[in-house]
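Those protein sequence lines, which keep their order, are chains A and B. Just so we're aligned, residue 11 is where the first sequence starts under our numbering, counting upward by one. Just so we're aligned, residue 78 is where the second sequence starts under our numbering, counting upward by one.
Just so you know, the hints here were simulated from the structure itself, not pulled from any lab data. Be careful, since some hints might not be right.
[What the hints assert, rightly or not] With a straight-line cut-off of 35 Å between C-alpha atoms, the simulated DSBU-like cross-links for lysine-lysine are:
1. B:K306 to B:K457
2. B:K122 to A:K35
3. B:K275 to B:K213
4. B:K237 to A:K208
5. A:K202 to B:K227
6. A:K135 to B:K213
7. B:K154 to B:K482
8. B:K164 to A:K35
9. B:K286 to B:K275
10. A:K198 to B:K495
11. A:K201 to B:K237
12. B:K164 to A:K208
13. B:K237 to A:K170
14. B:K154 to A:K206
15. A:K207 to B:K237
[Said to hold, decoys possible] Coverage of chain A stretches by chain B, computed from C-beta distances (three or more under 8 Å per stretch; other residues unrestricted):
16. 84-97
17. 160-171
18. 197-208
[As the list claims (entries may be wrong)] One-sided excerpt, in silico: chain B residues whose CB lies under 8 Å from chain A:
19. L172
20. S173
21. D215
22. Q223
23. V226
24. R229
25. D234
All figures in this text were calculated on a predicted structure; none of them were measured in a lab. By construction, the Cβ of each residue, glycine as well, lies at the ideal position given by its N, Cα and C atoms.
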Amino acid sequence: MMNRYVTAIIILTSILFFTNGCTTKVSRIDTKEVTDLSGQWNDTDSRFVSEEMISDVLNRPWLSQFKSSQNRAPVLIVGGIRNLSHEHINLNTFVGDMERELINSGKVEFVASSTERSDIRDERKDMDLHASEETRKAMGRETGADFMLKGQINTIFDVKSDDQIKYYQVDLTLISLADNKKVWVGQKKIKKLVEKKKLRF
Amino acid sequence: MLTRLRKLTIVVTTCLIVSGCASHSQKFSAVEKHLIEHHAGLALKELDERYGKSSSDIVLYYLNKGLILRINEEYKKSNRALENAKKFIDELETLSLSEQTTSLTINDSTLSYTGERYEKILLYVYKALNYIDLGKLDDARVEILQMDVKFRKLLDDNQKPVLSEDGFPRYFSGLIYEANQEWSNALISYRQAYESYKRSAAKVPEQLKTSLLRLTEHLALFDELENHKKTFGISTWTNQQAFSELGELVFIFHNGLAPVKYELSAHTLNPQTGHMIRITTPAYKPRPSIIKAAKISINDNHYTLKIVEDVNSIAIKTLESRSAEIAARALARAVLKYNASKQAGRKDDALGLLINLAGVVTEQADTRSWSTLPYDIQMKRVALPPGKYDLTIELIGNHGRIINKYIFSDVTITKQQKTFISYRWIPLYTTQ
Chain A
11 MMNRYVTAII ILTSILFFTN GCTTKVSRID TKEVTDLSGQ WNDTDSRFVS EEMISDVLNR
71 PWLSQFKSSQ NRAPVLIVGG IRNLSHEHIN LNTFVGDMER ELINSGKVEF VASSTERSDI
131 RDERKDMDLH ASEETRKAMG RETGADFMLK GQINTIFDVK SDDQIKYYQV DLTLISLADN
191 KKVWVGQKKI KKLVEKKKLR F
Chain B
78 MLTRLRKLTI VVTTCLIVSG CASHSQKFSA VEKHLIEHHA GLALKELDER YGKSSSDIVL
138 YYLNKGLILR INEEYKKSNR ALENAKKFID ELETLSLSEQ TTSLTINDST LSYTGERYEK
198 ILLYVYKALN YIDLGKLDDA RVEILQMDVK FRKLLDDNQK PVLSEDGFPR YFSGLIYEAN
258 QEWSNALISY RQAYESYKRS AAKVPEQLKT SLLRLTEHLA LFDELENHKK TFGISTWTNQ
318 QAFSELGELV FIFHNGLAPV KYELSAHTLN PQTGHMIRIT TPAYKPRPSI IKAAKISIND
378 NHYTLKIVED VNSIAIKTLE SRSAEIAARA LARAVLKYNA SKQAGRKDDA LGLLINLAGV
438 VTEQADTRSW STLPYDIQMK RVALPPGKYD LTIELIGNHG RIINKYIFSD VTITKQQKTF
498 ISYRWIPLYT TQ
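Build out the structure end to end from the sequences listed, making use of the hints.
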């Protein structure tokens with residue numbers, strides 16, 4: 011009688027041991043691979059949106075119009091992009107993705123954003139004191155931007171017990187700094203269905 | 078021989094019940110002791126040592142860790158802990174078959190703790206407050222939006238609010254929207270807050286009433302405005318235009334500590350078979366506030382804070398609303414345990430006794446709760462011209478004496494913006 015209890019306990023303990031005793035497994039995957047773990051905004055969404063938006067902005071008439079009137083490539087700056095969504099979204103990677111796409115297209119020029127500028131200005135001030143005459147960079151010779159890219163990320167979430175519909179809408183606007191005219195408005199939408207397990211062990 | 082063995086078992090069991098297996102509230106009192114003595118660092122250490130490895134208490138561990146870190150002004154770390162709590166709540170809310178079975182055969186503490194309804198909601202409020210203290214209003218807004226999704230999910234799961242538990246979270250959401258200049262969103266939240274306070278017969282905060290009047294007027298919802306004017310009996314308030322020339326101080330006082338649970342138990346001995354039966358249920362012990370009033374003073378003007386969330390009563394009412402279910406489970410468990418020992422006893426008397434003993438010893442009430450929450454939350458909003466101010470909070474005890482005073486210097490008030498200030502106070506003589 012007691013023997014059966016002992017055997018049962020041993021079997022149970024070993025099951026627990028084997029199910030809990032898994033070690034951490036790490037494998038490298040391609041950064042372009044679509045990986046959805048929690049259903050939240052992730053690197054894939056950030057990349058999709060930035061790639062599509064930028065290819066759109068570069069193929070619209072404002073660019074050719076500017077080039078024909080000014081005879082040079084327009085200078086852009088990324089202004090505030092606000093996260094008005096339901097999730098904490100890392101805007102730095104999103105803005106970084108967009109800047110990269112824009113600069114690498116070669117069709118527009120880019121100037122540093124306001125936070126980056128203050129660092130560079132500090133460095134220039136420092137150069138004034140410490141750098142040699144030949145290598146010193148003078149103040150007041152920064153390139154002014156022609157357009158500012160602004161935008162926001164909005165979401166609508168619908169929830170029914172364990173399932174969620176997530177709808178993301180990214181709106182970007184390109185505004186002319188000379189006259190506040192909006193020269194381009196871009197929009198990208200993503201819709202996801204996140205289903206959760208109803209039971210667990 | 079057998080009677081002697083039985084007697085011995087009873088003695089051993091009694092000793093075990095009295096001294097053995099500490100319940101959650103007993104275990105947690107060591108953490109709280111440090112907190113009451115204002116040693117948040119030591120409280121964190123104690124918490125890590127006692128709860129770091131317990132998997133069924135993981136949510137509770139992160140909830141408490143989050144609040145202790147917040148008390149210690151480590152807002153980023155606090156948010157990381159609270160985010161973990163949120164993640165585990167989402168995961169563990171899914172019904173577990175194995176845990177349900179174990180809880181029916183051992184006790185309710187073996188269930189993974191996922192928090193009471195009001196705890197799940199206040200988690201978002203405290204995360205948002207952390208973001209505000211980090212100067213990240215947009216991130217606080219994210220928490221408010223997530224809280225709204227949570228409200229909908231709870232409604233879907235048929236978890237209903239008790240008293241005015243949704244009042245302050247909704248009111249606070251409105252303030253965040255207003256700070257973001259989103260008037261219609263703010264009004265919707267204020268309406269929801271008003272409904273919650275009204276439904277529970279709690280006192281609707283006067284400042285919520287004037288906010289409703291101001292925003293319905295601003296958004297030209299004149300029917301609603303007339304209705305509110307009649308119901309509230311208020312005829313004058315600062316209109317939106319005048320209000321936009323000012324900034325607003327939002328002072329939130331988190332007073333004392335939430336109640337703790339203790340175990341109520343009943344033992345009985347079946348005189349014919351000698352079987353012991355034990356039934357336990359949890360109950361709350363409040364830790365009453367020793368403050369009669371909290372006042373803030375700015376430039377010789379004095380304002381009394383008003384209770385906006387009575388956490389103590391909400392906690393007690395929540396447990397009450399679940400007491401029938403808890404008692405039913407305890408009874409079912411007692412029957413199961415009794416039958417198991419009876420059946421085993423038929424084959425082997427000693428084994429029957431052993432199972433009876435095990436059943437009695439393991440019968441423990443689930444005394445887990447997020448007890449580092451405050452006893453209540455009090456608030457006062459003061460509209461002020463932009464500038465820098467020194468403000469003082471005074472806590473007045475039951476005998477009218479000032480028992481604590483704290484000065485906030487150089488508080489900046491900016492036009493059209495809200496300056497949130499949180500103050501937590503746990504008196505040294507809080508009972509554990």
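Results for each hint:
1. B:K306 to B:K457: 22 Å, holds
2. B:K122 to A:K35: 30 Å, holds
3. B:K275 to B:K213: 32 Å, holds
4. B:K237 to A:K208: 21 Å, holds
5. A:K202 to B:K227: 18 Å, holds
6. A:K135 to B:K213: Holds: K135 of chain A and K213 of chain B sit about 30 Å apart, inside 35 Å.
7. B:K154 to B:K482: 28 Å, holds
8. B:K164 to A:K35: 21 Å, holds
9. B:K286 to B:K275: 11 Å, holds
10. A:K198 to B:K495: Since the Cα atoms of K198 of chain A and K495 of chain B sit roughly 33 Å apart, the hinted pair holds (cutoff 35 Å).
11. A:K201 to B:K237: With Cα atoms ~30 Å apart, K201 of chain A and K237 of chain B stay inside 35 Å; holds.
12. B:K164 to A:K208: The given pair, whose Cα atoms are some 16 Å apart, holds under the 35 Å limit.
13. B:K237 to A:K170: OK: K237 of chain B and K170 of chain A at ~16 Å, within 35 Å.
14. B:K154 to A:K206: Distance ~28 Å between K154 of chain B and K206 of chain A Cα, so the pair holds.
15. A:K207 to B:K237: 23 Å, holds
16. 84-97: holds (count 6)
17. 160-171: holds (count 5)
18. 197-208: holds (count 3)
19. L172: 5 Å, holds
20. S173: Holds. Min distance 5 Å.
21. D215: Nearest chain A Cβ about 6 Å off; hint holds.
22. Q223: This hint holds: Q223 of chain B lies near chain A, its Cβ roughly 6 Å from the closest one there, short of 8 Å.
23. V226: Cβ of V226 of chain B sits 5 Å from chain A, so the hint holds.
24. R229: R229 of chain B check passes; min Cβ-Cβ to chain A is 5 Å, inside 8 Å.
25. D234: Check passed: Cβ of D234 of chain B comes within 6 Å of chain A, closer than 8 Å.
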